[in-house]
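Chemist: One letter stands for each residue in the lines below.
There are 2 protein chains.
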Amino acid sequence: MPPYQIKFKPENCIIEADAGTSLLKAAAQAEIHIKSGCGGKGTCGACKVVVKSGDPLVLGTGNLTAEQISAGVRLACQTRIRGDLTLEVPPESRLQDHQVLMGDVQKGILPESGPDLLERFGHHSLAAKQRISLPAPTLTTNTSDWDRLNLELRWVLKAGEKPIHIPLAILKNLPEALRQANWDVSVTLTDTDSGMTVTYVEPGNDRPPYGLAIDIGTTTVVVYLINLRTGEIEDQQGSYNKQAKFGDDVISRIVYAAEETKHLEGIQHTVIETINALIDTILGRQSLTSCNISCAMVAGNTTMTQLFLGVDPRYIRLEPYIPTMTGVPSVTAQEIGLHMLPEALVHCYPAVASYVGGDIVAGTLITDLAKGEEISLFIDIGTNGEIVLGNQDWLVTCACSAGPSFEGGGITFGMRAMPGAIERVIIEPETLDVSLKVIGNSLPVGICGSGLVDCVAKLLGAGIIDRAGNFQLGHHSGSERLRAASDDKEFVLAWAEQAGGEKDVVITENDVKNIIRAKGSIYAGIRCLLKMVAVDMEMISRIVIAGGFGNYLNVHDAVQIGLLPDLEPERFEFIGNAAIKGARLALLSQNAWREAAELGRKMTYVELSVGATYMDEYVAALFLPHTDLSLFPSCQNSD
Amino acid sequence: MPPYQIKFKPENCIIEADAGTSLLKAAAQAEIHIKSGCGGKGTCGACKVVVKSGDPLVLGTGNLTAEQISAGVRLACQTRIRGDLTLEVPPESRLQDHQVLMGDVQKGILPESGPDLLERFGHHSLAAKQRISLPAPTLTTNTSDWDRLNLELRWVLKAGEKPIHIPLAILKNLPEALRQANWDVSVTLTDTDSGMTVTYVEPGNDRPPYGLAIDIGTTTVVVYLINLRTGEIEDQQGSYNKQAKFGDDVISRIVYAAEETKHLEGIQHTVIETINALIDTILGRQSLTSCNISCAMVAGNTTMTQLFLGVDPRYIRLEPYIPTMTGVPSVTAQEIGLHMLPEALVHCYPAVASYVGGDIVAGTLITDLAKGEEISLFIDIGTNGEIVLGNQDWLVTCACSAGPSFEGGGITFGMRAMPGAIERVIIEPETLDVSLKVIGNSLPVGICGSGLVDCVAKLLGAGIIDRAGNFQLGHHSGSERLRAASDDKEFVLAWAEQAGGEKDVVITENDVKNIIRAKGSIYAGIRCLLKMVAVDMEMISRIVIAGGFGNYLNVHDAVQIGLLPDLEPERFEFIGNAAIKGARLALLSQNAWREAAELGRKMTYVELSVGATYMDEYVAALFLPHTDLSLFPSCQNSD
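Top to bottom, those sequences are chains A and B.
Reading the first sequence from the start, the letters are residues 41 to 679 in the numbering used here.
Reading the second sequence from the start, the letters are residues 41 to 679 in the numbering used here.
To be clear, the hints were calculated from the coordinates, so they are not data collected in a lab.
Don't take each hint at face value.
Identical copies look the same in the list; a pair holds intra-copy or inter-copy alike.
[As the list claims (entries may be wrong)] In silico lysine-lysine, DSBU-like type, Cα no more than 30 Å apart, as pairs: (1) LYS302 with LYS47; (2) LYS47 with LYS212; (3) LYS543 with LYS529; (4) LYS81 with LYS92; (5) LYS49 with LYS477; (6) LYS212 with LYS642; (7) LYS212 with LYS65; (8) LYS302 with LYS212; (9) LYS212 with LYS81; (10) LYS47 with LYS92; (11) LYS202 with LYS642.
I would like the entire structure built from these sequences, with the hints used as guidance.
Modeler: Right under this line is the structure:
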């Protein structure tokens, strides 16, 4: 059976695919990345495409309406090829590039290349480059090529007791490399506790060695190019994690990866491909090649790290939630196919547990949580909320399933923090008139996490919702904005004509309940950790908030809805993308990297699903701001 | 152009080969290994084949006679395929399996599994196997799979400060390996100074770990299967080194390997194939699989070691004779394709210089040369003669190009020590009647190294040759055995009818001169080392002779012709295959392996081609036994 021709509009690109291929897979083949929240199960309805010509095999239509179906709309994951096709992929079905958090310096964010931490840990990178000029051998000084180079390297690098290894591939090329360079060479080496390893021998030059700091987020991936000699970030690039086509969250990706070995290989390949595209962009821009990249440090959550290395994550999802490893073996770039020196080492931050990963350890390191006697709280809010509490003597950590609400998931007009997202809302209590602040000052097309927090606080403040999140239609019967829809109640944030779309942008009662569940989950987690170590909320000197959400969050709003503890605003700090900063620090400092490994072992993981404490706390937190108002003294007026 | 059919007789096997393929290569493809002393240059005439039908392209006929050519004889390396062919490969053109020195216990040879050395160094193998039973994880004891295993391993193996690594491939399989075995597993690990590495995790069992001791000789390859728990040799197998098809000696192999990358890869593949065939035989016989083999230790000369690892040996041959490395990086079995656990380490004995290799370091270790104050001399006689002189304080070493005479090369009826080889000769001085001792008590077809030494001594004793090796035809004109041939003088050792062949088995004047040059080269080497360190011959307490030759050598004869120093017979020891014994010892003892590395660095290599000393000594040694008879007091009667 010959392959069929599948045409995609509006690109008008054509690919060939065999009968039985899903439209989702065919689109991926065409490099058109379609959303797939449920990982191809036909339940989320995100992967809508329109069949313009041809007659594919429809296995299911999920939640499509009869109208949509008759207009040719199909679910890409539930529709298979059995002949030539022309498809249109509408914008709302596409994964789009968006504002990727690359650690930009913002209010209160730790300075990116600030000298403090690097100076304290000491600048001694995980890779080095050394120019070496050797005397040519003679009949009386006839040591072997490697002995000749090794001896000089040991001397110049003050290697002491550290062995210097040479991989077979480098050794094979050594005689020619030395002779073609007339014995004047530059040698690149990895440098870790267990020894140094030669990764490249090239004609003598004075270019610095470079390393990559890599943040693998479930949603986005960021790469920094670091000059290992100066410590400077010389370039950076971020993009979506292309794995999103296999599902939005870690759970759907684990499910997909666990189905068959080919899936696991495919999902690993996809993240490597994502990173390589970023590397290639940076290398091109900087006129460098992969031979200039001598080291990489990765920070990601436990699932992202296992998928990055191709390690099956299935037991992360199954009780009792066991990751394959927490300390991660360093691998060579060639083992996983990264565009770097083949023998260069790729290190990954250690995880603590299945749902507290290397990104959180990086954040703990970079925020100096384990220094001093004062107690600090670190919160990373994304799809999961990870929390660390402690000081120099102890560290406890947990993960709460906050759900994707703060990233726009499960919210009618939810979206990520990108141009068009409402990030700030003002509601005039009398008239219910609305003023909006939209990212990029563009037309409002949806609402992002920080906008949702703000919005719920303002809905509560204006009396539109009660403390349980129920819409109070009766209180504002005069306003057109507050209305009952077919199966829900909703408040209009922007009218269709203001939004430049066909629909009014609204927030529904159901959306508000989702936000309450999400914030309740995080607040309950904080309370559990405090109880665990018998520490009062007041004793927390410092609360550091990381992640894309944290960057745009208004602390006052967050306290009003009971997401964050009711403490003085001065105690809050925002650190932005902690993972990438931690990756850079460990790349540049062997002491920091040693400390990171130590931190990973030192953090005590609290499994919230054991015992009833968490569930009790969670139920108590399902009010705005909380059932126990004594916890939120500053909010008592709003009631 | 279709491939042509090439039939080989008497096997009657048929292979397909393209036009332009040499008959030598086609034969190799048919697994018929043809001798090729010159590495395919058409000069040695060893690769004769007979064309029975077909018309190949003849590029050259070398030293073939007109008679041979008209009888269809061709040189396989100089003849190319251009149509179907039938070829006969006569026995004399074939590489044949022969008596491979596997360290059999013989007179004076150190006992193979003798406890002495292993007890002194301590039995602590380079690989270990440990059965581990783990408690299954729960919600409250939810450490990762690798942490769980690692912790228990550290405890049971008393790993102390040593890190335990886990390669990515093993980690990927770990979750299923643990769960399918119900948490009762056997773990195989490599164990070296730089740490331990997990190489296999299998369902719990009590089988021991096995290692391989491998001797890669230029001519023969020997593999021992070692039970790493008991230290016992549980099996052994030896064969020709299939690389012989690219040339008999290291120089022709270096020339071949340096021609193009494909040649280097091919010649590496050939030795790996040789070893794998031996491993497969042993595994089959012992009902083991490659997963039972957790470590290997290789001893070979510098060229063999570089070719084994695929490292271009070209600079070994070019002045100033530089090997790529002396200390050899350990590689994984999968890097070079050996039939063992893919992640198992393969170690190679370190070399000292281009012509003093790991086999000599192994010999130095196993003979305890560097212990005590007494001065010892170690001689390994093969194609090259390598010599080590020293004691606990110093060690000097050199290599002499003895040439292949002692292995039968360049001698009219020379052959290796295999059935049919004359190994002992008695000549009745009056009648010149000859009595022979033939290996395997079969008909004499040639003469091996020890036979040649004996023969030259007896020719001298009977006055048939003078001290310069010249035949004295006039002194024995009555004997039919002593005669002038067309272009040489010769002595008949066995008449054709006794030999069961078509020709008389003879030794010629030219043969005798070759032997004199070979023995002179070795004796001159010994003298140079002694001069170098200002030590008298008499001060040598012990002379240890290794190698296939040494096993069958008569010391008295060897002194008579001036090959060995004229010292009391009690001072001589024979150690047989020192390389394989050293490989076994290092495999079983980390201390021995450390000492081997140390020895490699400690030995001072003397380049004999620098200065005039060696040439002067060589010229002086071109008499029987020597120009300076005062060096051979016991031989003065024979003059």
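Chemist: Looking back at the numbered hints, which does the structure fail to meet, lowest number first?
Modeler: Those not satisfied are hints 2 and 5.
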